[in-house]
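Chemist: Letter by letter, the chains look like this.
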Amino acid sequence: MDGIHDLGGKQGFGRVEYLPGTQIYHHPWELKANALSAALVAAGLFNMDEYRHAIERMEPRHYLNASYYERVLTACAVLCVEKGVTTAEELARRAGGAFPLARPSAPGRHMRKDAAAFAVGERVRVRNEYVPGHVRMPGYIRGKVGVVIAESPAFPFPDAAAHQLGHDMEPTYDVRFSTEELWPDSAERASVTVAVFRSYLEKA
Amino acid sequence: MSQPELNPQNPQNIADIRHRVDAVEAVAMDQGLVKPGHLQQFTHKVEHEWTPAVGAAIVAHAWTNAAFRARLMKNGIAAAAELGATMPAHHRHLVVLENTESVHNLICCTLCSCTAYTVIGMPPDWYKNLEYRSRVVRESRTVLGEMGLALPEGIEMRVWDTTADTRYMVLPYRPPHTAGWSEKQLAAIVTKEAMIGTARLEPPFAAAGV
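Protein chains in written order, with our numbering: chain S, 1 to 204; chain R, 1001 to 1210.
FYI, nobody ran anything at the bench for these hints, they're computed from the structure. Do not take every clue at face value.
Think about it this way: if two alpha-carbon atoms lie no more than 30 Å apart in a straight line, the pair counts; the simulated DSS-like pairs of lysine-lysine are [unchecked claim]:
1. Lys83/S / Lys1184/R
2. Lys1035/R / Lys1184/R
3. Lys1128/R / Lys1074/R
4. Lys1074/R / Lys144/S
5. Lys1128/R / Lys144/S
6. Lys1074/R / Lys203/S
7. Lys203/S / Lys10/S
8. Lys1045/R / Lys1035/R
9. Lys83/S / Lys1035/R
Excised from the complex, chain S in its bound form (with noise of 0.2 Å):
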């Protein structure tokens, strides 16, 4: 989906408050949410795509304005709801207050039967596609073209898992962009390497 949680690339947005060697965790309610993020997928409850998605369906108001572990809180909410863990009435009840959730989810897919594979140093063309469900491609790369540096071995395919649509398995690429093919006339000069799932490309 072309979410608010898409940001690579937005404009706007000012500096980056940098403060090295800070601790992680600023209120223990946040190690308690990270916490039970970890403990509900090692429980099998969720993987980390549904999670990830759970997070990019949050209402963009809401996920503009949440910090990083209000945003790992509500996926877990959102989860255990949709899972039948507990209802949103339940949570609210129990938090005493309005409990804010996320959207449904739209359908997912599967990957591609006739993707191709791709050699180290060929060129590559994100494919041109607009996906309701989860995706793992930057919306800042659609359509753009860069070269294969590396492969990774397969891992389960975003857009299935975060749907429970089997067990597709993909391997990804690393692909390298230059910033003047991602925002010509608009970026500094650097090069940005992705890694892309094989169904999401095609030959350059």
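Position chain R relative to chain S; hints supplied.
Modeler: Just chain R, lined up with the frame of chain S:
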């Protein structure tokens, strides 16, 4: 599924975040999904196991042992395991990015906040914030400059966006003044920021301290 509509005009009806955390924990406990003691176990991991010291030991060993360095560049997870470092099951690949005098690598995750956290430590606030995630792919030099790392134009900038479960770590450039140092001394100067790529360890980008 009915759910309370988030109303930004009326945020006071939203339950306190601490109570929301407790509510989810309570229902998960009731269903046996979360066991008593899980918080203590997780806390121990983030405080004592998943720390930048793990990555620093890997870096120091790679700086002093060419054969290990070659193995690390080829298969990061297997080489890290030689030093006792483990990665979670869903991190299937660790790619090590070597900084040199003329190449600078920088890691981010624009879609969420993925990192090789068992090796370089849990991601810091700034790595997870909207500003870093949005800007670093498009204006990396300016962002690094604002963060105190002003790189000359001659250094090639390579940004890596962690969009799959391949994880990246930067192998920092070894400061020339550290010739002859022990692995322990070397590991002590390697920071989480240097393994993400928002810092370099050699002068003039860092002091030539002992």
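Chemist: A separate judgement is required for each hint: does it hold in the structure or not?
Modeler: Evaluated hints:
1. Only pairs whose Cα atoms come within 30 Å are accepted, and Lys83/S paired with Lys1184/R is rejected, the gap being roughly 48 Å.
2. Under the criterion of a C-alpha separation no larger than 30 Å, the hint pairing Lys1035/R with Lys1184/R is inconsistent with the structure, at around 38 Å.
3. Between Lys1128/R and Lys1074/R the alpha-carbon distance is near 28 Å, which keeps this suggested pair within the 30 Å criterion.
4. For the hint pairing Lys1074/R with Lys144/S, the CA-to-CA distance comes to about 28 Å; that is within 30 Å, so the pair holds.
5. Under the criterion of a C-alpha separation no larger than 30 Å, the hint pairing Lys1128/R with Lys144/S is consistent with the structure, at around 26 Å.
6. As the CA atoms of Lys1074/R and Lys203/S are separated by approximately 26 Å, the hinted pair is consistent with the 30 Å bound.
7. With a CA separation close to 27 Å, the supplied pair Lys203/S and Lys10/S stays within the 30 Å bound.
8. Straight-line distance between C-alpha atoms of Lys1045/R and Lys1035/R comes to about 16 Å, which keeps the hinted pair within the 30 Å bound.
9. Note on Lys83/S and Lys1035/R: the hinted pairing holds, with a Cα-Cα distance of about 19 Å set against a maximum of 30 Å.
Checked against the numbered hints above, the structure breaks hints 1, 2 and satisfies the rest.
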